[in-house]
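Peer 1: Modelling step: build the complete structure from the supplied sequences, incorporating the hints.
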Amino acid sequence: MTDVTVPTAAENAASGLRAPAPMRAVLDAAAVQRALTRIAHEILERTQGADDAVLLGIPTRGAHLAARLARQIAEVEGRTLPHGTLDVTMYRDDLRLRPARTLGHTEIPDGGVDGKLVVLVDDVLFSGRTIRAALDALADLGRPRAVQLAVLVDRGHRELPIRADYVGKNLPTAQRETVQVRLAEIDREDAVLLGTKPEREAGR
Amino acid sequence: MSAGPRRHLLSTADLSAEDAMLILDTAAEFARLADRPIKKLPTLRGRTVVNLFYEDSTRTRISFETAAKRLSADVINFSAKGSSVSKGESLKDTALTLEAMGADAVVVRHWASGGAHRLAHAGWIRSAVVNAGDGTHEHPTQALLDAYTLRARLGGLEGRRVTVVGDVLHSRVARSNVRLLATLGAEVTLVAPPTLMPFGVEGWPCSSSYALDPVLPKSDAVMMLRVQRERMDQAFFPTEREYSRRYGMHADRMAQLPEHAVVMHPGPMNRGLEISAEVADSARSTVTEQVANGVSVRMAVLYLLLGGSEPAIGTEDEGERR
Numbered sequence: 000m001t002d003v004t005v006p007t008a009a010e011n012a013a014s015g016l017r018a019p020a021p022m023r024a025v026l027d028a029a030a031v032q033r034a035l036t037r038i039a040h041e042i043l044e045r046t047q048g049a050d051d052a053v054l055l056g057i058p059t060r061g062a063h064l065a066a067r068l069a070r071q072i073a074e075v076e077g078r079t080l081p082h083g084t085l086d087v088t089m090y091r092d093d094l095r096l097r098p099a100r101t102l103g104h105t106e107i108p109d110g111g112v113d114g115k116l117v118v119l120v121d122d123v124l125f126s127g128r129t130i131r132a133a134l135d136a137l138a139d140l141g142r143p144r145a146v147q148l149a150v151l152v153d154r155g156h157r158e159l160p161i162r163a164d165y166v167g168k169n170l171p172t173a174q175r176e177t178v179q180v181r182l183a184e185i186d187r188e189d190a191v192l193l194g195t196k197p198e199r200e201a202g203r
Numbered sequence: 000m001s002a003g004p005r006r007h008l009l010s011t012a013d014l015s016a017e018d019a020m021l022i023l024d025t026a027a028e029f030a031r032l033a034d035r036p037i038k039k040l041p042t043l044r045g046r047t048v049v050n051l052f053y054e055d056s057t058r059t060r061i062s063f064e065t066a067a068k069r070l071s072a073d074v075i076n077f078s079a080k081g082s083s084v085s086k087g088e089s090l091k092d093t094a095l096t097l098e099a100m101g102a103d104a105v106v107v108r109h110w111a112s113g114g115a116h117r118l119a120h121a122g123w124i125r126s127a128v129v130n131a132g133d134g135t136h137e138h139p140t141q142a143l144l145d146a147y148t149l150r151a152r153l154g155g156l157e158g159r160r161v162t163v164v165g166d167v168l169h170s171r172v173a174r175s176n177v178r179l180l181a182t183l184g185a186e187v188t189l190v191a192p193p194t195l196m197p198f199g200v201e202g203w204p205c206s207s208s209y210a211l212d213p214v215l216p217k218s219d220a221v222m223m224l225r226v227q228r229e230r231m232d233q234a235f236f237p238t239e240r241e242y243s244r245r246y247g248m249h250a251d252r253m254a255q256l257p258e259h260a261v262v263m264h265p266g267p268m269n270r271g272l273e274i275s276a277e278v279a280d281s282a283r284s285t286v287t288e289q290v291a292n293g294v295s296v297r298m299a300v301l302y303l304l305l306g307g308s309e310p311a312i313g314t315e316d317e318g319e320r321r
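So the protein lines, in turn, are chains A and B. By the count of numbering that gives the first Met the number 0, the first sequence reaches residue 203 at its end, each step adding exactly one. By the count of numbering that gives the first Met the number 0, the second sequence reaches residue 321 at its end, each step adding exactly one.
Everything labelled a hint here was simulated from the structure, so no lab data went into it. Careful: at least some of the hints might be erroneous.
[Said to hold, decoys possible] The calculated lysine to aspartate or glutamate pairs, modelled on DMTMM-like cross-linking and capped at a C-alpha distance of 20 Å, are:
id : chain 1 : residue 1 : chain 2 : residue 2
1  : B       : 68        : A       : 139
2  : B       : 39        : A       : 92
3  : B       : 38        : A       : 106
4  : B       : 39        : A       : 93
5  : B       : 38        : A       : 86
Peer 2: Written as structure tokens, this is what we have:
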């Protein structure tokens with residue numbers, strides 16, 4: 000999951016924290032687009048035409064990325080892959096550490112996931128805990144033939160034995176850095192930003 | 000046991016419009032589970048929910064039990080009949096027993112108005128309390144599932160006209176619905192014979208009428224209340240036939256409703272008294288839908304109260320924690 004709350008310099012000053020360096024763009028709109036185009040081609044190549052593939056995006060931004068990948072693949076192949084969303088909130092292992100969260104939307108395309116090749120799509124791969132939750136959620140929905148993972152950014156620091164099959168950008172980061180993916184559907188622009196957490200939250 | 004503040008759901012008066020919409024939206028996501036091969040979520044694994052019922056109930060208790068089990072919570076059913084309560088144990092001593100067993104939430108139905116409030120605020124237990132009906136006071140989850148059903152059938156609640164008919168005096172369902180529907184922007188009209196209209200109803204956020212027929216053509220939904228014979232200690236109407244003729248919902252009255260209007264009943268129904276069998280079994284009746292929606296709404300309430308480190312809905316505790 001991405002950290003979407005970036006405190007402003009004023010907020011940090013008010014809470015007595017050292018103002019962090021401003022968020023720096025590591026991918027601009029064109030680079031995000033190129034990364035998605037490449038992932039779309041890689042999915043087609045690695046799955047020999049993606050005949051039985053189903054794209055499932057993890058809300059919020061992963062869901063938009065899955066829809067975009069489905070469009071890109073449709074441009075190349077002339078047919079639209081089944082795509083939907085998979086909310087993992089109820090399967091997270093940190094539910095008890097934070098206030099009860101609002102649920103996201105799960106939308107499984109017609110035909111389900113049984114016997115299909117499911118490609119999970121998320122914006123940032125970090126600890127791997129979101130993907131662990133997604134695998135549990137998926138197991139309750141059916142039995143896919145295989146599950147693969149596509150992410151726009153892999154920022155490292157895995158806490159579980161999970162890796163991505165398709166990566167838009169490998170981004171070596173420090174623990175105290177934050178990665179923010181911005182997408183036109185929600186944030187009015189495409190970009191990947193790198194910033195620093197305020198000290199208070201660092202090492203969380 | 001969560002470390003954050005303890006919260007309860009005791010009355011619909013405590014719910015803001017945002018809280019109520021959060022519950023309904025969360026319930027809508029849970030409702031989709033019903034179509035899945037595995038209808039269970041691991042979210043409340045290891046939490047204990049006690050159903051403490053001092054009054055008879057089938058659908059509410061089963062509904063709460065199903066909701067808790069679908070979220071993987073452990074459920075303990077405790078009914079006054081066949082327990083130490085029939086030997087004279089007080090609510091306090093029963094509560095202390097539940098506290099010693101480590102309940103995370105207590106779903107309580109009590110014959111006394113204010114029973115749930117007492118349990119929540121007396122300092123006997125540390126768990127969250129959900130009111131599943133207290134005397135003639137409130138039944139918040141019933142109102143929430145009614146609002147959910149109305150929203151699903153009518154496409155929204157803002158400005159919708161809901162008529163609540165029957166034994167308003169004894170009805171906690173009516174009280175909870177009036178408050179919640181007013182919060183959500185619906186216009187509620189209470190219809191009852193003068194003997195069954197509560198004293199001080201002018202102060203409620205709704206209008207009232209003694210005649211049903213003039214209200215029908217202007218109703219988007221009609222909610223029939225059960226005639227609660229068990230709470231009637233005197234004659235509130237001359238005969239059941241007269242009551243049925245003036246305030247019962249039957250085919251002729253249903254025909255006066257607008258095309259899109261629905262007929263609701265919280266159950267259990269007295270067929271032939273407040274609602275005819277023909278109406279109860281018609282396509283306009285939402286009775287079975289209400290039961291199905293009840294599970295989703297109660298899952299949402301349990302999840303929002305127990306699912307995180309601190310509850311997302313409900314009222315703060317008044318007293319100090321023990």
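Peer 1: If a hint holds in the structure, say so; if it does not, say that too.
Peer 2: Against the structure, the hints come out as follows:
no.: 1; hint: B:68 with A:139; result: 15 Å, holds
no.: 2; hint: B:39 with A:92; result: 16 Å, holds
no.: 3; hint: B:38 with A:106; result: 15 Å, holds
no.: 4; hint: B:39 with A:93; result: 19 Å, holds
no.: 5; hint: B:38 with A:86; result: 15 Å, holds
When the structure is compared with the earlier hints, no violation turns up for any of them.
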